[in-house]
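Protein chains in written order, with the working numbering: chain A, 1 to 325; chain B, 1 to 136.
By construction, these hints were calculated from the structure, which means they are not laboratory data.
This structure is a prediction, so every number in the text was calculated from the model and none was measured.
Be aware that a few hints might be false.
[To be verified] Rough simulated footprint, nothing fancy, chain B against chain A, three-plus residues with beta-carbon under 8 Å:
1. 97–108
2. 119–131
3. 181–189
4. 253–261
5. 265–273
[Said to hold, decoys possible] In silico PhoX-like links for lysine-lysine, alpha-carbon gap of 20 Å or less:
6. Lys167(A) / Lys112(A)
7. Lys6(B) / Lys108(B)
8. Lys6(B) / Lys112(A)
9. Lys6(B) / Lys196(A)
Built from N, CA and C at the ideal position, the CB exists for glycine as well.
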Amino acid sequence: MAKPNSGHHPNLSYVLLLFWLVSFALFCSAAPAEAASAIPVVDPDAWWIWPLALFVVCFFLGIIAVPAGVGGGVLFVPIVGGFFPFHLDFVRGAGLLVAMASALAAGPSLLKNGMANLRLAMPLALAASISSIAGAKLGLALPDNIVQTSLGVTILGITVLMVSARKSEFPHVPQPDSWSAALGIHGIFHDGISGKDISWQVHRTPAGLVLFLVIGFLGGLFGVGAGWANVPGLNLLMGVPLKVAAGTSSMILSMASSSATWYYLDNGAILPIIAVPSVIGMMIGARIGAHLLTILKASVIRNMVIAILLFAGVRTLLKGLGIWT
Amino acid sequence: MESRHKPHPEQLHYATVLHWSTLAGFIVLIATFVVYMFGWLPANIPLQQLPQLWGLSASEFLRATGTQTGWSWLFMMGKGDSASLLGIAMLSGCSIACILAVMPDYAKSRNFTYLMICTLEVAVLVVSASGFFTAH
Numbered sequence: 001m002a003k004p005n006s007g008h009h010p011n012l013s014y015v016l017l018l019f020w021l022v023s024f025a026l027f028c029s030a031a032p033a034e035a036a037s038a039i040p041v042v043d044p045d046a047w048w049i050w051p052l053a054l055f056v057v058c059f060f061l062g063i064i065a066v067p068a069g070v071g072g073g074v075l076f077v078p079i080v081g082g083f084f085p086f087h088l089d090f091v092r093g094a095g096l097l098v099a100m101a102s103a104l105a106a107g108p109s110l111l112k113n114g115m116a117n118l119r120l121a122m123p124l125a126l127a128a129s130i131s132s133i134a135g136a137k138l139g140l141a142l143p144d145n146i147v148q149t150s151l152g153v154t155i156l157g158i159t160v161l162m163v164s165a166r167k168s169e170f171p172h173v174p175q176p177d178s179w180s181a182a183l184g185i186h187g188i189f190h191d192g193i194s195g196k197d198i199s200w201q202v203h204r205t206p207a208g209l210v211l212f213l214v215i216g217f218l219g220g221l222f223g224v225g226a227g228w229a230n231v232p233g234l235n236l237l238m239g240v241p242l243k244v245a246a247g248t249s250s251m252i253l254s255m256a257s258s259s260a261t262w263y264y265l266d267n268g269a270i271l272p273i274i275a276v277p278s279v280i281g282m283m284i285g286a287r288i289g290a291h292l293l294t295i296l297k298a299s300v301i302r303n304m305v306i307a308i309l310l311f312a313g314v315r316t317l318l319k320g321l322g323i324w325t
Numbered sequence: 001m002e003s004r005h006k007p008h009p010e011q012l013h014y015a016t017v018l019h020w021s022t023l024a025g026f027i028v029l030i031a032t033f034v035v036y037m038f039g040w041l042p043a044n045i046p047l048q049q050l051p052q053l054w055g056l057s058a059s060e061f062l063r064a065t066g067t068q069t070g071w072s073w074l075f076m077m078g079k080g081d082s083a084s085l086l087g088i089a090m091l092s093g094c095s096i097a098c099i100l101a102v103m104p105d106y107a108k109s110r111n112f113t114y115l116m117i118c119t120l121e122v123a124v125l126v127v128s129a130s131g132f133f134t135a136h
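Start from the sequences and build out the full structure, keeping to the hints where you can.
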């Protein structure tokens, strides 16, 4: 039962959870059968059902993504790739666009209020941008089953990371490393909860650059965005305060996803009929999710997202292995 | 209490350009998609045919439809599906516009390290956008 002054409404969370799970279960039970037969027998006049379903699913993904603290791309690719009749190439292209559009929309306010730091973002984004093109190129060249299987393994790995990753609100960085000192990467942000200005600096910058090369590669390869890896990398490895890590992750994502998105666009792997309803649905859902942030119990939503990722990861893996096609 | 510490001027400049370029991209994205969905412009590939095609891989899709890679869509703005790629390209180009906008700020403050990082980032994005990696 909710504490009167807690600010959260667990009952509402559970209602939303139940509604979402029922909708999702109904969709899943109908979609694979329909998807399997959709291509040969689809009514030509009913083409609009899939983009509409995509919009609705992305709307709900957007609602839960914000309270769960994950980007939309990591939910979008396995779920849409697993249960819609679109080829994974187009799903990954749309996933990158979804991740990029969300990051772009959040960017201005994060930069203005100091929750994102451009000097921190730029070198890491450069590393991630270069490798994300390599990831995109490899992703479009590899056989479908290999990409699908690798995606399933990656999604299950992300699920484990979400369950096990620690967080440090204000990591202790005794001494900045020589690289971050030379680049002038440090800052002060205003913590609304304590009402204090908190100064921060970073360490292990070379290791961070290597990590972001790997993250960018995976983002480009699978189209899943990279917020799930950016935030722990900035926070736990480089010692960036959690809020600044989350904000700066968005800036890095906007630049790294952009380079991979161009590659998918140039190769015809972005279909507007898939990408645009996804972006619009996710953006509207995310706005509602941001408003619900104060009244929903974040841990319930987070557990729901972990369960969905686990299910979608298993589905993607089995699809890649040809066991559940 | 508001913080007395303001972000670097180039960060605020980046934020302003990002706000307006993203807004423009979203407006064009939605407007062109509405035009496409309602059939106000003819499409290269009729909407009714898409369910037979969207299950193909990107390379199979290009072969089946005779679609060209790269920037060919830009020269077919009279077609609804090509036009709706314009908003996607605008959003993908937002970062380039923002970085180009802050480069003079770094030059003015003689911060040559970040000027170099910005130059490299713009180069990566422009080369990717150019289709160079598609051809090679």
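How the hints compare with the structure:
no.: 1; hint: 97–108; result: holds (count 7)
no.: 2; hint: 119–131; result: holds (count 7)
no.: 3; hint: 181–189; result: holds (count 6)
no.: 4; hint: 253–261; result: holds (count 6)
no.: 5; hint: 265–273; result: holds (count 9)
no.: 6; hint: Lys167(A) / Lys112(A); result: violated (24 Å)
no.: 7; hint: Lys6(B) / Lys108(B); result: holds (19 Å)
no.: 8; hint: Lys6(B) / Lys112(A); result: holds (8 Å)
no.: 9; hint: Lys6(B) / Lys196(A); result: holds (14 Å)
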